[in-house]
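A.B. asks: Using the sequences provided together with the hints, build the complete structure.
The primary structure of each chain is shown beneath.
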Amino acid sequence: MPHKVISLISVGRHPQSGRSRRADQDSRAVELGLKLAGTDLDVVHAGSSQEPVLRQYAGMGLPKVTVLEQDESADALVSIADYLKSEKADIVLTGVRAESGESSGMTPYILSEQLGWPIVARVADIVDIKEGEAQVLLALPRGQRRQVTVKLPFIASIDNAAEAARQSAFGPGLRAKMDSQKGSTVEDSVRVDWSEAPAKARPKRLKIVKAKTAADRFKAATAKPQGGSGKVMKNESAQEQAQAIFDLLIEEKVIR
Amino acid sequence: MVIDWLPSVLIVVLLALGVIGALRRVSLWRAGQPEKVNLIAGLLAMPGRYLKDLHHVVERDKYMSRTHVATGGGFVLSMVLVLIVHVFNVQQQIVAWALIGALLIMLTGAFFVFKRRLNPPERLSKGPWMRLPKSLIIYSLTFIVLTLPAAGILPDASGSVLMIAVLSVGIVIGLGELLFGMGWGGPMKHAFAGALHLAFHRRSERFGGGRSTGLKPVNLDGDVLGVAKPSDFKWNQLLGFDACVQCGKCQAMCPAFAAGQPLNPKKLIQDMVVGLAGGTDANYAGSPYPGKEVGNAKGGPNEIITAGLVSQETLWSCTTCRACVEECPMMIEHVDAIVDMRRFLTMEKGETPNKGSEVLENIIATDNPGGYAPGSRTNWAADQNLAVMKEKKETDVLFWVSDGAFDMRSQRILRAFVKLMKHANVDVAILGDEERDSGDVARRLGDDATFQSLAQRNLATLGQYKFKKIVTTDPHAYHCLRNEYADFDKEGALEGVEVLHHTTFLNQLVQSGALKLDAFKGGKVTYHDPCYLGRYNGEYEAPRELLRSLGIEIAEMERSGFRSRCCGGGGGAPITDIPGERRIADMRMEDASTTGAELVAVGCQQCTAMLEGVVEPRPVVKDISEILVDQLAEEVH
Ligand code: SF4
Ligand code: SF4
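Line by line, the protein sequences are chains A and B.
Counted the way UniProt numbering counts, the first sequence spans residues 1 to 256.
Counted the way UniProt numbering counts, the second sequence spans residues 1 to 637.
To be clear, the hints were calculated from the coordinates, so they are not data collected in a lab.
All values derive from a computational prediction rather than experimental measurement.
Among the hints, erroneous ones may be present.
To be verified - Straight-line distance between alpha carbons at most 27 Å, and here's what the computed DSS-like set of lysine-lysine pairs gives:
#1 B/K490 - B/K466
#2 A/K210 - A/K231
#3 B/K349 - A/K64
#4 A/K35 - B/K521
#5 A/K130 - A/K85
#6 B/K390 - B/K292
#7 A/K219 - A/K207
#8 A/K35 - B/K355
#9 A/K4 - A/K88
#10 B/K419 - B/K469
#11 B/K521 - B/K422
#12 B/K419 - B/K216
#13 A/K177 - B/K466
#14 B/K216 - B/K469
#15 B/K349 - A/K4
What the hints assert, rightly or not - Listed next, the stretches of chain A that the computed footprint assigns to chain B, with coverage defined by at least 3 CB atoms under 8 Å from CB atoms of chain B:
#16 12-20
#17 170-184
Using N, Cα and C, we set each Cβ at its ideal position, and we do this for glycine too.
C.D. replies: Here it is in C-alpha cells:
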C-alpha cells in the first residue's frame with residue numbers, strides 16, 4: 001500500500017543575495033518525499049499561489065503544488081494544521097528551520113503537538129517503510145548517523161545532511177498546476193508586532209592554532225571541541241564564583 | 001533494333017525514381033518546425049552562395065575545390081545535355097560534342113576523387129563514399145561511349161545488342177548513384193540537400209562574407225523547451241543536417257574529439273540524419289564518438305534523441321568553440337543543434353551534469369555563477385577610484401567588468417585595463433553592483449530562461465544611462481552584448497552604442513597616440529585567439545596589431561586565427577566537465593610551447609584561467625592588457 005507523504009515548503013532566502021529561492025532544507029524534504037512517494041507526493045505551501053518560488057519547487061518534477069491561500073499576516077500553522085487534519089497523511093516532511101519569517105524552527109513541533117504525532121528531528125534519510133513503521137536515519141554531528149524506528153504517522157524535520165534537491169527545470173515548473181485551497185484567516189498575533197532588521201554580525205573569537213605540522217593542523221581542524229579547561233564551581237561562595245567569571249573575562253580580553 | 005530504346009527509357013525511369021525519392025526526402029524535412037524563409041529569394045541566391053560562399057570554404061583545400069568544380073560542374077552540365085541528346089533525341093553534332101566535353105571534365109574530376117580515396121585520411125567517411133568515385137567514372141565513361149555515334153565519331157552502333165546491354169548496365173550503375181541515390185539517401189544526396197540548404201539556410205546573414213553567431217532565443221511559452229526529438233528542430237535545420245558530405249573537416253578541428261571526449265561533430269550530424277529519417281547508425285562508416293562503439297544508436301523523427309540516439313555526455317562535451325562550423329564546407333550549424341538539445345536537457349529534464357545545476361542556481365539567486373553576494377561585485381575596485389554610472393549617469397566609455405570581478409586572477413586583468421584607460425585619460429565608468437552576469441554560461445548550458453531574464457534586466461539597467469561605447473575584457477560578455485542582446489532590446493538601450501572588446505579599444509588608443517608604449521624586451525611571444533573574440537566576432541587583427549606595436553614579432557601557432565584551437569573553457573565545458581583522455585587546455589598549451597614562445601598573450605580571462613591551469617613548466621600566460629601595462633612609457637615631468 002502506498003503511503004501518503006506530504007512535504008511542506010516555504011519561501012527561502014539566499015544567504016548572499018537575500019533573494020527569494022526554494023529553501024535548502026525544504027527542497028531536500030521534497031527530494032526525500034519524491035523518493036518515498038514519487039509524483040504522488042503532496043507538496044503543500046501556505047501562502048500565495050502567485051509566489052514565483054513555488055515554480056522552482058515544481059520544477060523538480062511536481063505535477064502540482066497544493067497552496068493554502070492566505071495573507072502574509074495570517075498564521076501559516078493554522079492553515080497547515082487544518083489541512084493535515086483533513087488529509088490522512090502517513091509522513092509529513094518539513095525543513096528544520098525556515099529561511100524567512102520567524103525562522104524559529106517551531107513549525108514541526110507545534111504541528112506534532114496539535115496532531116498528537118511523534119516528531120523525528122534532523123532526519124538524514126528514511127530508509128524503509130513497512131508494517132506501519134519507518135526506519136529513519138537521524139543526522140548527528142560530523143557525519144554520524146543514528147537509526148531509529150518510528151510508528152506512522154509522524155512528522156520529520158529534514159536536516160542539511162539529507163540528499164540534496166535535484167535540479168529545478170524551468171519548463172515543468174512553469175507548467176505545474178497550482179492547486180489553490182482556502183487557508184486560514186487567523187492573524188499571526190505574535191508576529192504583527194515584530195519589526196525586522198538585518199542582523200548584525202556577531203564578533204567571532206579567533207581560533208589560534210598552534211600546530212607545527214600539517215598533521216596537527218588537520219587534527220585541530222577536524223577534532224571534536226574538547227572541554228576540559230572548564231571548571232565546575234558548585235560549593236564556592238557566590239563571591240568566589242563571580243570572581244572566577246571576572247578573571248576569565250579579563251583573561252579572554254572581553255573586558256579590560 | 002529491338003532494344004535501342006533501352007538507354008533512354010532507363011534514363012527516364014531513374015530520373016523519375018530520383019524525383020520520387022527527393023519528394024520523400026522533402027517530406028522528412030517538413031516534419032520539422034516551421035521557420036520563415038523567403039523561398040524564392042533563397043532559390044535565386046543559391047547559385048551565388050554556392051559559387052562564392054561555399055567555395056570560399058572549400059578553397060582552403062585547393063585540391064578538393066578544383067576536383068569538385070570539375071566533377072560537380074561537369075555532372076550538372078552533362079546531365080542537362082544527356083536529357084537533350086538521349087531523351088529528347090536532338091541530333092546536333094555540336095550538342096553531342098558539348099556533352100562529351102562536359103563528360104570529359106567530369107571524368108577528370110572523378111579521377112582525382114578516386115585518387116584521394118586510394119588512401120583516404122581518417123576524417124573521411126568510408127562505406128558508400130568509397131564507391132562514389134567509381135560510380136562517377138562509370139557514368140562518364142558510359143555516356144561518352146553512348147554519345148560517340150551522335151557526335152559522328154562511331155557509326156551507329158545500335159546494331160550490337162551486347163554493346164547496348166553493357167551500356168545499360170553502366171547507366172544503371174552511374175545514374176543509379178547520381179539520380180536514384182540523390183533522392184534516396186545515397187552519397188549524392190549532398191548535392192540535392194546541399195543546394196536547398198544553401199537556399200534556405202537559417203542564417204542567411206552568413207552569406208556574402210557576413211557573420212551570424214548569436215544563438216536564437218527560445219520561445220518560453222512553447223510546449224516543449226529546446227529540442228527533444230528530431231522533429232522539434234526547425235525544418236531547415238533538418239535540411240541542413242542532410243547536406244553533410246561526411247568530409248570530417250569538423251571532426252579534424254574539434255578540440256573535444258581530439259581530447260578523446262565522447263564527441264565527434266560529424267557523427268553527431270550523421271546521427272541527426274538517422275534521427276530525421278529513422279533507423280540506426282549501423283551504416284555509418286566514419287570515426288565514432290571516442291570511446292563509443294558505432295551501431296548501437298537508434299532513433300526516429302518522433303523519438304527522444306537522448307534516449308538511444310545521442311548520449312547526454314556527447315552534447316555536454318562541446319565547448320561551443322565553433323571550429324566545426326567555421327570549417328564546414330556545407331555551412332552546417334553544429335553549435336545551434338547542440339545547444340538546442342542541451343536546452344531540452346536543462347529546461348525540461350533538469351539534467352545539467354556535474355556543477356551545472358549548482359552554477360545555474362547561483363546565477364538565478366545571485367546573478368553570478370559563484371554565488372557571491374551581489375553587493376560585493378565592486379569590491380575589486382575599492383582602490384581604483386572608478387566612477388559608477390548610478391552617480392555619473394553619462395559617460396564616454398562604459399566598462400563592462402563581467403564576473404571576473406569575483407576572481408582574483410581576473411582582477412589583475414581588470415586592474416591593468418583600468419590603469420591603461422586612466423593613462424589615456426578615457427572618460428570611463430562602470431555599472432558597479434548594478435551589473436549582472438551577462439548570461440553567457442546560462443545560455444550555453446541550455447538555460448535560456450535565465451539568460452533571457454538576465455539580458456532583460458541588464459538592458460533595463462543600461463537603458464537608464466548614456467554612453468557611447470561599451471568595452472569589456474571578457475569576450476563572452478562581449479559576444480552576448482554585441483550579438484545576442486539585440487533580440488531582447490525592445491527599448492533600444494544599446495542602439496547606436498559601439499560594443500568593443502578591450503583589445504580593439506586599446507588598439508584604437510595606441511594607434512591614435514593616446515597610449516604611449518615602450519618596446520617589449522622579453523622573449524618570444526605567441527598569441528592565442530579566444531573563440532568568442534575570433535570566430536564569434538571576427539576580431540583577429542587588433543590584438544596582433546597591439547602586440548606588433550610593442551615591437552613583438554608574433555610566433556604564430558599552427559592553429560591560429562580562424563583555425564585557433566579552443567582553450568577548453570567555453571560553453572560551460574569546465575562546469576559540466578565530461579572526462580576524456582586528455583585535457584583540451586593541455587593540448588593548446590602544447591601548441592603554444594611548440595612555437596618556442598616564453599609568453600602566451602591572450603585576450604580573455606577564461607582562456608587565462610584554462611591555460612594557467614596547465615602544469616609547469618610552460619610559457620607564462622598574460623592578458624594583452626597586462627602585457628601593455630608593463631610597457632607604459634614613463635611620463636616625463
Ligand atoms: S558537418 Fe560539415 S564539416 Fe562535418 S563532415 Fe559534414 S560537411 Fe564535413
Ligand atoms: S563547437 Fe567546438 S567543441 Fe563543439 S563540436 Fe564544434 S568543434 Fe567540437
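A.B. asks: Taking the earlier hints as the rules, which of them does this structure contradict?
C.D. replies: Going through the list in order, the structure violates hints 4, 6, 12 and 13 and respects the others.
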